[in-house]
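Visitor: Each chain is listed here by its residues.
Protein chains: 2
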Amino acid sequence: MTNIVQQKIEQAIALLKADTSANAIDCWLTFARETSQVHDPAIDLILGFGVTWDSAFLITRTGEAIAIVGRFDGDNVRKLNAYTQVLTYDQGIGDVLRETMVRLAPQRLGLNFSLSTSSADGLTHGMFLRLQRMLGDVVPADGWLSAEEIVRRLREHKASSELDLIKEVTRRTEQVYAEMFKLPVRGMSEKEIHHVVGEIVAKYDCEFAGERINNPIVNAGPDSSIGHGIPSDLQVQPGQILHYDMWLQRDGYCSDLQRVGYVLREGETDAPDLVKRAWNACWIALEAGKATLRPSVAAWDVDQVAREALMECGYPEYMHAFGHHVGKRVHDGGSVLGPRWDRYGDMPYKPIEIGSVFTLELGVIVEGYGYIGIEEMVVVTAAGNAYLSTPQKDLILL
Amino acid sequence: MTNIVQQKIEQAIALLKADTSANAIDCWLTFARETSQVHDPAIDLILGFGVTWDSAFLITRTGEAIAIVGRFDGDNVRKLNAYTQVLTYDQGIGDVLRETMVRLAPQRLGLNFSLSTSSADGLTHGMFLRLQRMLGDVVPADGWLSAEEIVRRLREHKASSELDLIKEVTRRTEQVYAEMFKLPVRGMSEKEIHHVVGEIVAKYDCEFAGERINNPIVNAGPDSSIGHGIPSDLQVQPGQILHYDMWLQRDGYCSDLQRVGYVLREGETDAPDLVKRAWNACWIALEAGKATLRPSVAAWDVDQVAREALMECGYPEYMHAFGHHVGKRVHDGGSVLGPRWDRYGDMPYKPIEIGSVFTLELGVIVEGYGYIGIEEMVVVTAAGNAYLSTPQKDLILL
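Residue numbers (our numbering), protein chains in the order written: chain A, 1 to 398; chain B, 1001 to 1398.
These aren't lab readings, by the way, just hints derived from the structure by calculation. Don't be surprised by glycine CBs; every beta carbon is placed ideally from N, CA and C. Accuracy of the hints is not assured; some may be wrong.
[Claimed, not checked] 27 Å max Cα-Cα, derived DSSO-like pairs, lysine-lysine:
id, chain 1, residue 1, chain 2, residue 2
1, A, LYS203, B, LYS1203
2, A, LYS203, B, LYS1276
3, B, LYS1203, B, LYS1276
4, B, LYS1017, B, LYS1182
5, B, LYS1182, A, LYS191
[To be verified] To list a few chain B residues with every Cβ distance to chain A over 12 Å, as calculated:
id, residue
6, GLN1006
7, GLU1010
8, GLU1168
9, GLY1252
10, ARG1294
11, PRO1351
12, GLY1368
13, TYR1387
14, ASP1394
Hey, can you work out the whole structure from these sequences and the hints?
Guide: Pasting the structure below:
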């Protein structure tokens, strides 16, 4: 049985071999240290755990995969059975890295830096300067290239074993949400709800993906801070929309889903029309965007279809992207189903890859009631896409 | 009441003002995006939570503190009351960042890159290239400088409110350990112990700091993988040393402690002499190093005293540093109580700051029994240092 790191390294070698352009990279180098401080996202793919000392991971067009790590990380790397060579050192990486690079003599070295794609931009500037000091005479001056296309495609095209893990954490996230909607929320503050979710998440053997401070986002009613708000002392009251956004991880893979309830007032049996109309508009827009998503389409076009559908329903456009990749990280991959805004760089222009997992998300503020935000997860197939999550088609009445 | 971010920004302004050298930085710029992917550790100090979009944090010698963030992060930043100005944007940070920098016109811009100090090296190479594109004509060519000394000192000199939080998470870590040593470990595998610790940590309202996969490290007996080993299927047996290394966090601050037990064999009432002798040697060495640690001494000298004391007891030197900072991160700060090895760069040469929190750690392999690793936490005072943890002076008999 091959593990995910083995699959990803094989995939990386295949991507290097398949590139027959003049600028094709000979050797892809990930150079990292103290990943508990600054973590290159590429490490997730080609290692799956962190390192403390200077570490170099070299993958070549000729099929070599060489890890150079501190002595104490050696055993963990060898156990992966993913590298053709695992070299260790005690005092400094310089000599062994240099010897290896002199032997490989790459003319075009791919490094993890990118102007537009943060997941392909894990090499720090200090580490780049160190590489240039160590290898300035080994690699030609014009041979220091961005490996962003390899990193992007490696992240975006999920192996079947990766999809299984994403499905599992998504299923568990839905179970956590089911318990959250059983909480006696009337009178509870956003902070209190945020706190008790910790125990529910532990019960389902998941972890919060990334920072806990605003995970889950809890928006109780119209005065809550929309966006990436930190839970406040606002209390849930009848007549309010209760909105959650939560991203969990398990076995190294993430989920990202939003869920929405309406807190009934005395005597109410359904949400007010204003709330229901906004809910329906959100779903019309999400389904319109979803129907567009397939490998041949432009990423920005998927966003535009959803955006326009929402506006046609009479609501303002959402001020974010319609979708982002999910995988090892909550914001994964290098493309985005987003508008052609400056801040998204060239991410909305990248091709959509089969086997990618996207969230689809958008929302509407309902004056006087609160925020409706919906978010589901889909996998891209040859023909289009399919839900990975169980879509919340109905507003939950509380 | 001032919050920690306010205190840290005031401290940063004071550090900028206090530097009267010719190369003194006018303006310290932290430039980050998608911190869930690549997280600049400086963000912990000057913000305390993550950002999604391009974000710039400018702190000047003249006392300005300006945050430029995406619209959705604006509220969270304003609520800190730590910035003199909070600017937001929708489509791209370029215009507002440029306008601000033209107004400030820094001649010496400090950025988060460092060859030797990973906690001061959070700026990615891609983000550095973007800054040069955006501001290449605003900042002089020789004005792109490392801010590592500011970042290092800001991290290392803990405010009293930071010390309180570190003490609290350390106390809770000791409570978690107390429960771990009550587990019926005989016959449990390293993996099983690793798994159940999850519930104990949640019960004490702490989180694992960083990756869960090898946290805690569980070493059962002589065949276990020493170092940063991932827990295996090896089962705890009588006659073995059981060694734990665990790093937790709570309210944004971390602990890092190792604890050791001996699993008694049928009829045994104490650990074998070979084990006890190694235990005592570890403590002689740790106390010797601890007695040396004070602001006036060289960091590498503290390591050397401990290292030589262990060797004088007849054991081989440990192949790591004697101590590292702990704070927002488990490996914090920019100096290390370590040997003058290449891989530590200039970190062993940095001055020791009052108010720093260090772990003190070292270990010995006991042939046939397993690994003894001890690790405690201390705070540096004017006169020397004091334990923050309750030192484990006696081997726990199981």
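Visitor: Hint by hint, say whether it matches the structure.
Guide: The hints, checked one at a time:
1. A:LYS203 - B:LYS1203: Given pair A:LYS203, B:LYS1203 holds - Cα atoms ~11 Å apart, limit 27 Å.
2. A:LYS203 - B:LYS1276: Roughly 40 Å between the alpha carbons, so the hint for A:LYS203 and B:LYS1276 is violated.
3. B:LYS1203 - B:LYS1276: Violated: B:LYS1203 and B:LYS1276 sit about 33 Å apart, past 27 Å.
4. B:LYS1017 - B:LYS1182: violated (53 Å)
5. B:LYS1182 - A:LYS191: violated (33 Å)
6. GLN1006: holds (16 Å)
7. GLU1010: holds (22 Å)
8. GLU1168: holds (16 Å)
9. GLY1252: violated (8 Å)
10. ARG1294: Per Cβ check, B:ARG1294 is outside 12 Å of chain A; nearest 26 Å; holds.
11. PRO1351: holds (21 Å)
12. GLY1368: holds (19 Å)
13. TYR1387: holds (24 Å)
14. ASP1394: holds (27 Å)
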